[in-house]
Each structure stands twice: as C-alpha cells, then as structure tokens.
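A.B. asks: Based on the hints, put chain V in the right spot on chain A.
Residues per chain, in single letters:
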Amino acid sequence: MSELNLTFVDKAIERIGGGKEKVLEILQAVQGEFGYLPTEALERICELTEITPAAITGVSTFYDQFRHRPAGRYMVRVCIGTACYVKGGQQVYDAFQRYLSIPEGEDTDPEKLFTVEKVACLGCCMLAPVIQIEDVTYGHLVVEQVPAVLRDFLEQERTRDRQKGAPDRAEAGAEYGEIRICVGSSCVAGGSAKVYEALKKAVKETAVPAVIKSVGCSGMSFLAPFVEVVPANGASFRYAGVRPENTKAIVLRHFKPKTIKPKIKNAISTMLDKILTDKAWEPVTRYSVDVRDQPVADYLGKQIHIATEHCGHIDPVDLDEYSSYGGFDALEKCVKQIQPEQIIAEIEESGLCGRGGGGFSTHLKWTAVRNEKSQKKYIVCNGDEGDPGAFMDRMLMESYPYRIIEGMAIAACAVGADEGYLYIRAEYPLAIERVARAIDVCKKRGLLGDNIFGSEFSLALKIVPGAGAFVCGEETALMASIEGRRGMPRLRPPYPAQSGLWGKPTLINNVETYSAVPWIIRSGAAEFARLGTCASKGTKVFALAGKIARGGLIEVPMGISIREIVQDIGGGIGGGLRLKAVQVGGPSGGCVPAQLAHTPVDYETLKDVGAMMGSGGLVVLDETDCMVDIARYFLDFTQNQSCGRCTFCRVGTRRMLDILERLCAGQGKKTDIDELEHLAEIIKASSLCGLGKTAPNPVLSTIKYFRSEYEAHIEKRCPAGKCRALITYSVTDDCIGCTLCAQHCPADAIECKPYEKHEIDNEKCIRCGTCKNICPADAIKVE
Amino acid sequence: MPKLKIDNREVEVPAGATILDAAARLRIDIPTLCFLKGCDPSTSCMVCVVKIDGLPNLVPACATVATDGMQVESDSEEVREARRAALELLLSDHLGDCMGPCQMTCPARMDIPLMIRQIAAGRLADAIVTVKKDIALPAVLGRICPAPCEKSCRRAVHDQALSICLLKRYVADVDLQSDKPYLPQCKPSRSKRVAIIGAGPAGLAAAYYLSQDGFDCTIFDDHDEPGGMLRYALCSTGILPVSCNHRKDADATKLPRDVLDKEITSIMKLGVEFRPETRIGDKISIQDLQRDSDAVFIAVGKLEQADVEAMGLEAGKNGIAIEAGTYQTSLPGVFAGGDAVRNRKLAVRSVADGKEAAASIAQYILGQPVTGPERPFNTRIGRLKEDEIEIFLNNVSDKSRVQPTADDGGFSDDQARDEAARCLHCDCRKPQTCKLRRYAKEYDAKPSRYQGPRRLFSQILEHPNVIYEPGKCIDCGICIQTAAKAGEELGLAFVGRGFDVRVAVPFDRSLAEGLKKAASQCVESCPTGALAFKN
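Protein sequences appear in the order of chains A and V. In terms of the numbering used here, the first sequence has 1602 at position 168, counting the first letter as 1, and numbering is strictly consecutive. In terms of the numbering used here, the second sequence has 122 at position 119, counting the first letter as 1, and numbering is strictly consecutive.
Careful: at least some of the hints might be erroneous.
Said to hold, decoys possible - Per the computed footprint, the stretches of chain A lying under chain V, defined by three or more beta-carbons under 8 Å from a beta-carbon of chain V, are:
hint : stretch
1    : 1472 to 1479
2    : 1486 to 1494
Stated by the list, open to error - Here are the simulated distance ranges between beta carbons:
hint : chain 1 : residue 1 : chain 2 : residue 2 : range
3    : V       : D390      : A       : P1504     : 26 to 34 Å
4    : V       : S513      : A       : E2197     : 43 to 51 Å
5    : V       : E527      : A       : A2099     : 42 to 50 Å
For the record, the hints were derived by calculation from the structure and aren't laboratory data. These numbers come from a predicted model, not from an experiment. Here a beta-carbon is modelled for each residue, glycine too, at the ideal position from N, C-alpha and C.
Same shape as in the complex, but just chain A (with noise of 0.2 Å):
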C-alpha cells in the first residue's frame, strides 16, 4: 500500500485542536478527506492530541458515520427508516446490491465506484423510500428504478456545475412579487433545487419584477417541490409537484415583463414550446394548488404554528426577517425587564413539557439548573433526532433557526448559562449548515457573544455534529458524545442539572422545545396552555408519513384525535386499502390499532394504549403491514442502535430479536409469544437507560392489538402477505401475456411469454414485488 499523506492530519489538528473533546471533530475531518479512518491517520492523531489510542479506537467504532476501509468513490445511502421501510426500502437496498454485484457481506461494488449503506433516517419520510448519493436525493423509488438513478447520478456528475453561488437575490423593492420555493429537505429531494435553478433562469430571461426567495418548509411535503407566488398585489398562488420545465409559465402567468422586447421574446418562445413538443400543453393550473382548495385547507386548517410559526414565508437564515416578525423580542424582554425567575414562572405557567419524547416538565429542568450554584453552567439542545419516521426536529432546525437560538438563549438567561452547544444529527447536513450561518449572523449582530442587548449576559454557542449513534439522543449519551467519547448513556441520578458537562450544571432540552419558548414569551403563557388538553399543553410537532396520502410536517395541539390527523389532515390512506394502525413515538413507541383512532394525542392517554408521544413521528400503517414485521424492524433498529453497556439491553433485545427473525422466517415456536413478553418485562424493568427500557414497547404493543397475527406466525403464515420466507408470488389467469412482468424480474425468475399466461419460479424468485408492481392487470397474487 502506498503511503499515505498524513499533512492533511497535522493541518486539520492545527485548525481544530488536540483536546480530548475534539475527537469526533477530528475523525469526521479526516474521514471527509480520505473517505475512511486509515490507521496509520488514526496513529498521528494520538501522536499529536491527548487522545489515546484506546480512545479514539472507542470512538471510531462506536459511530456509525465512521468506516475504517476504504469506500467506493461514491457513498449511496439507501434510508431504511420506519417510512421508507414501509414503503419497500429493504427491497431498493437488496436492489442495489443485486445490480451493483456487491458481494455478500460487504458494501462496496468490485470497481469500488460505489458503497451501499443503510441509513436510519433521511428525514425525508414523504418521498420514501428514499436514497442519497452523496449530497443527492432520489425519492419515491421503486425497485427497477435502481440502474436508472445510478445512471441519472453519472450523467450528473458528469455535466453538473459544482459551483456553488449564493444564491441570486435582486434588492426587493415594493413593486416585486416573490417566488418561494421551499428549500426544506423533502423539497430539495424532490427537485426543488432544479427548479430554484429553472425559476432563476425564467426570472431573468423574463426580466419579470420578482424576487426568487428559498423559504423553509411548509410542511406540505406531500406537494414537493412546492413553489408559491405572492405578487405585488397580495394574494398568493401555490404550485405543487413543479418541475423545471414548468418554472416559465408560471413565472408568465403571474408578472408582466417589464420592457417590451422580452415581452415578444416570451410570446415566441412560448408558441415556440407549443410547437416544439409534440405532447399536448398541460396547463400549468393542474399543479396549482390554492389554500382555498380542499386538500390544502383541511391539511393546514387543523394546524396551529408556534414552533412552526411563519411556516412557508419565511426565509431560514435572514435575521432581518426574522426580527421583523418580532424576532428576538422575547429575549430582549428577558434580558432587559424580566427576571430570570419571572421567566421559569412563564414556563411553568404554559405547562410546556419537554419535547424529545420524555414529557418531562420544562419549569423543573430549568429550576433545577437555576437552582445550582455553579460559575459555569451549560444549555444543550438536543438535536439528535434519530427515530426512523420522524423529521421534525430537521424542519425545525433547517427553517427556523433564530427560533431555536433564541429559545436557548432565553433559557440560558433563566438558568444562568453562558455556553452551549446544539448537537445536531450528521445526517442532517443543511441543518448544520444553516443553524451554523444563524449562529454566525447572530454573533455579528450581537445577539450572541457578550453582554447580549448591552446587558451582562452572554452566552456562546456552538454545534457538534454527531455522527450516527441513535443513543446518542439521550441526554447523559449525548453529554458524553460532546465530551469527546463513547456515546454510553450512564446511570441517573446525577441528573444532568446536578452534574452534566464536564461535571457542570447542564440543562438539555430538545429543539422543538426550545422552539415554542419565544412564542411562549411574546404572547404570554396563558395564551399557549390555553391551547392543548388539561395536563399537555400547547401544541406539538408531528412527521405524518407512511401509507398516507398527504404527509408531511404538522403541529397541531395536543389531544387532537388520531383520526382527525389521518383523515383531515393526512386525507386517509390511499389505494382504497384501511387503517390498520399509526406507530407512534418511533422505537419507543408503539403502535395504536385502527379501533383505537379516536384516541387523543397527548402524553398521558398514549401512555396508556401502550404507545408513547416520543419525539413525534406518526407512520400510518395498513393492512398490507405485518404488524409481527413492524415489530422486528424496530427491535432490530433499537438492537443495533444500542450502545451495549448493560446486559438487559445488550443481549436481552438481540434475544428478542432472534425469536421474531424466526417468526418472520416461519421457524417460530409456540412458546414464542410468552418468551417476547417475559423478556419485555425484564428488559423494560431493569435496563440501565431510556432506550432499553422502551425498547420493548414496538413489540408489547403490537401483541397487545395483534395477537393472532403473532400466532399466525407461529403457524408459519403471514395474513399482511409481507414476510418473505412465507409467501410466494403466483400468476392468476387475470394474465395478459404482457411480458412486463417478465422484463422487469430481477432474478429471471419469469420467463417471457408473450401472449401466454406467465408462470414464476419460486426457487429463483425473491419475493421483491417488482412484478406486482408493474403488472397492468393486477395478476400477481401473493399468499
């Protein structure tokens, strides 16, 4: 093996520092250099920092985002979060396997072009199943896409430009109009970046007096890439599912160009589109989408936006705008007039609860912090939002970053803090990317630094990016993770408000938490505990994904019914197939039957169907979901996710596990059932953290609803028709001899037969579903 050049190592220590804490930092430098941890790079690091060797080989190998061989030129991570699981995400990784020939065992294909991983979650639950090569993302994929994306990727790279501009924006005078475009990560998966590009270019061809503006997200991802246009005048025009080729007319529709030379220029050039293709003028109406129509209405008219507040007008990183929406207010009133214990008292009186999943009351953290006498204090937001199917901290994060930072900031002036640090999932790049940009606008405006509003607080803030570890997300991993090691939850009490950081008072809340506190302290806490049931306040944040026909970000308030969120905001399932259940709360959640719909979201009540608020994900399921599949996949997430201190967790849900892979696989017994609850018990008992002590919930409650499917298992049958080892795929006599079926298999499993009634192999079929899915007659039957 060559040598490798190791100066890039010395530099990158230079700019960072060699501090224990900075390891992460480190390794995530010289992975993005030489795309994996090359040893003789690991043994510099330890030459240079006070890192050890025992260190950082704990900590490389502790974080997913780490590989210690070399990768493909190109990284394609496939999601396999709850969505996208739901959605056929297995099936596109087995695909891309398959057609990359990626040998058994290992990841990247023989010309070391590509190396396929499975990734948690992308965030991006509306467009499953999802995919990302490199910094690009392929949505809605269906299995025979797989060698058309990786040609799509090629050409790409090929042609694309890599320069990467600020983006154009002409002064907004009073006589522009703006064109939004939702720059949130479901978005820019759906093509938004290609018809931001293609509305720049229609603007200034057009010469039109508008303003292109990315805004954050809607929450509407149902309609991705989502465009709308507010002229001069007011009343504002939406546009759902645009493509590029779409960008001029619509810029045609709504501004006049201003000279009339272009004028002429876009009348010939429109006739010449007409003419030039030879498919038939689709208005551009039909992806004209208006808040008076239906579908828009009922998905926002259940809503009410605080940590969503200005949701779909709102340019992320501009401060001006942000502060002309009475941002920062609150914290000026909280450094200038209030006291700290006026601000707790505010807290406390809105009733708001921590966010991240626990409920646990927001007034008590920050009391116990303020409590304690300590010169240094920490604030932490938690923005390591790991369960697969919910986004909403990514949204919140990627569009509102000035609400978080000035929530952490009231709060750290509550608890009389001076630094902090937003740990935010490395899989959510654009989140870094602009919470790092509001973080820099606020130290130039003086918002964050010292003596903040003149006053004597002052409050540094700083990102760490983690770097895939699901455990991390709880807050004593999270702590740890910051500190430069292992992300291994330890035993509470000490609490982090007793002992957090670097043994300092630490108070940690998650990012839609902090998100709702300038609200809370603007419109006054009465206003938001008005909102909400009588023990859970104000209004929570929801990803709505899954079988549904508009999913999407939501925030709607607390003790809402599940139905009302399935059926009015998410408009039902689709396909005419029913409800089976929603999952709520992720891997530590459960599932609420369809019988159960009419139960009201809030901490309590879903406590007691033996589901849990979690951080807030809401994957609706229907009847083509095995539920004892459902169950496998989030025990086989939590599993690998555990960190592997206590034995409980560790070993106990790998049993778990192995008894319903074996369910899934027909080879269950059947004692099987009371085995998974007697180990649940044990688990959810005696496990050291959060995670373990939940981790059993996906698995209880479906028993708990579905029973019979567990025995049908058992029986070696699955009535959802999911669990490959139990079914097979057969040709009816509904066949036309099509020859699609034939064409698409990926495993030759069906000869082509034109005219004939086709016939499948069983011993080379793969159970992959291709051919039920494009068959035209729906002649594919599976039992």
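C.D. replies: Chain V alone, transformed into the frame defined by chain A:
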C-alpha cells in the same frame, strides 16, 4: 451521613457511598461481576440490581448513591429473578466450556484435563491426587474402562482422541509401583458407622470416600475376597464383558490380579473393615445393619425384582428403586448404587455411584438436607465448526495418538508426556475464580434458558503469558480501565457497539503490544475466564 435500610436493617454510610458500600457494612453479599474497587462503575453486568422502595425499576447497587431514608430490597424474589435473568442472558452469549467435554462425559466427572496437564508437566504426584479425587480404582479402570470420555474428546474430530484411559492408568501404575503409594488424608473419626453391602467397585468407592470423610466403614461381602465382579468376572480367568478399547489381544484384556489387590489394599488402608463370606439375608438382615449403623449402602451387584422385595425395598426397573441424584432407597438411611440399581455393567459408573452415594450418606448422617454431591455449574460450546478446531490446535503438539509399545500395554514416561502434550485444553483456565460461574451456580442460572445463534470461537494467543478468549468476555471494561491506569501506551479498547462490542487492542495490534505492563493485573481483575494465564 445518610441512613438507609437494606432488607429492613438500618445502616449509616458516609455521603456519596453507594448501596453496594452500604450492603458491605451490613455484610450483605450483593453479587457483582463488572464492579472493581478503584475502577469507575461500569453498570454493565446488572447482576447487582436491587429494588428501591418507590422506584418502578431495579437499579444497579454498584453505582446508585445511598440517600437518606432509602429502603432497599436486596434479596426479594423480584431481585433474585432479575439477577438470574442477567446471568442467563450473559450465559446465552458465553462461548466456553467450564469443564472439558471429556470431564462432562466421564461418569465419575474426573478432572481429566487437569490430570493431563499434570502429566505433561511431570507432576505425577499431583496427578494421582487429581485422579483419585474422583476415581477410587484408577489402575483397574485404566485397564477395563471403555472410556466414554475419549468419545467426546474434541481432538477426535481432527485426528484421534487423547488416550485418556491409558494416561490415567499410567498415573495410577506409577503411583502403585512407587515406594509410598498415595494415601489420602482422612478426617478424624466422627464415630459414625456405615455398613456397605458388596465389595465391588461401587462399595469400595463408597468406602474410600466415606473413610476419608471420617466415617467408619464396614464392607460385607459373600465372597472371601473383596473386588466383586472385578475379581470374579474379570481377573485372569474371567471374561471381560465390555471390550476394552485400547488393547486388542485376548490376554491383555484380563485384569492382573496383583493390580486389583494393590488398589484394594490402598482403600482398605484407610481403616475399612472387611467382613468376608457374609451374605445379607442369611446371617444378618438389612434391618440389623440399619439398627447397628448410622447408614447402609447396598452395592451388591445385579438383583432380580424378587431379591429386592425380599430385602424389604421398593424395586425399580433395573433393581432397587432409588431417588435420582441422592441414591436413597425407600427405607430411611438405606442407600443403593452400582449394578444393584442399574443394569449397566460399567465399572466406572459403579465407581462414580460409590463416590456420589458417599456424599449423600454423609449428608444424611450429619443431618443435612440430602441432595447428593454438589453438581458444579457448567456451560458448553457444543459441537465445534471445522475451522474452530484449528484454533484449538494452535498451541498443542501436532503428533498423532501415541501407541503404547510395552508388553503390558501401558505408556512409558516419554510416551505419556508426548500423549499429554496433545490435549487441546478445552476446559476453562479460571473455573475456580470465574465470578460468572460462581453466581450462575448461586442463582441457579440455566445456561440454555435463552438461546440464540452462537458466535464463532476465537482465541488470542500471541501474548507470552496471557490468553484472551473473547467469547467469554462480558464487556465490563475492567481490563480497559486497568490497562489505562497502569499507563499502557496502547492498552485495550472497546471496539464496536451494542451486541457486537468487543474488547481488543487498538489498531489491530497484538495483545503483547497492548498489554506490556498490566497483563497480570488484567487477568486478575477479569471477572470471567476471558483473560487468563496460559498455564
């Protein structure tokens, strides 16, 4: 100073003390695996869990700080169950044999691997102690035993099994031919009498172990010399009922009378009284013996149902009915073993019966609960995969099985040592100090309670003194802390996460490089057999 109650007993501890510290003050033993004084608590094994009044979950005592007014339960059924579950979960992922497969298949549970290592090291005086701890007549059995142990020898899969039976014979022969054959220490007489009926292998073995334990034994036999079937069916003119596996010629299958005599003599020397030509039922009855002694052991050989009933005992399918494991018959104080209770004609089984019944008899006489001999806890790997055998072969002689060349069919010193060098050392190197084994026994944990696919066996041998078997590691991290404290440059680290986490040397370097200073300390602080001294 917080005051708390553990199991309703009050204790006061300094501020900051843990529940474990508090329990120690009350001399309440809370089991721990991953805790070591001086190291940060790992809270990993969770075997030390206790229940605190008012808390829904169990907490680890090693890291939970005692607070004023705390009420702790350390021994309730809930706590014990959770501890057992933790142990059973650890065992479900524990890859190792506490005892070698040979020992497990030996009816007498002789510590064969230890004997073999003692032979290899030339420590024959120790070897005979090892052998006679479980087998009262090793020179005899060394000639007639069909050696079930050899059938389970792991090496048989590779080339041929160890020649265990001949090695045992070698140890016994060397001892018998020495000036002062081994005589075990006997406890002072307890003045308690045991009547043993039958001077065959079972009766002799019982007498041998009971005498050592301070009981006065009298053996009644209807023949004029002791030995039973060994003498009257196998010696010189006798015919061997079970073919002997390592000698083929007809002459050699006979058990030399002098070997039997010498070995019986060494038993009788412990003060056993022999009453020849005394047939029970003729001169004395069982009831007489019951009256005159503190316990009776019936080892008369094969019995018909009518004979059993004539003795006033309940009959079973193969002779006298006994309670499994304790050898108790239907009459109080009357025990039975050997061919009188089973129709096996396997001398080593009879010898084992004698030893085990002796344990029950002692318990009975001393007024203890009669449970039979203590059954040591054992985990087993089970069948090995082909390349796993290769791992075991790494550190041992690659010669094939040694064939004896002497006329009497026994090993020479060199042959014995060569053969002993072939042993794979399947048994654990820390069976006595392993805390996992100790608590598994104490909490009656079943190693197969939870089952899952097992890991691949591996062994790390490159350190000069220390062997590391990752399959036995419980991921407590004590060795990592120990190495770091000792100032090891590389030391040890956790590699990976979750179920797959393993302890290893950083950067794939060797164990010798990782542990330059702290190897011994790490072995001593390792709670299981994962890190052990090679010898």
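A.B. asks: The structure should be examined with respect to each hint, and the outcome stated for every one.
C.D. replies: Here is what the structure says about each hint:
1. 1472 to 1479: holds (count 3)
2. 1486 to 1494: Result for this restraint: holds, n = 7.
3. D390/V <-> P1504/A: 26 to 34 Å: At 27 Å between Cβs, range holds.
4. S513/V <-> E2197/A: 43 to 51 Å: holds (47 Å)
5. E527/V <-> A2099/A: 42 to 50 Å: Distance hint for E527/V, A2099/A holds at roughly 44 Å.
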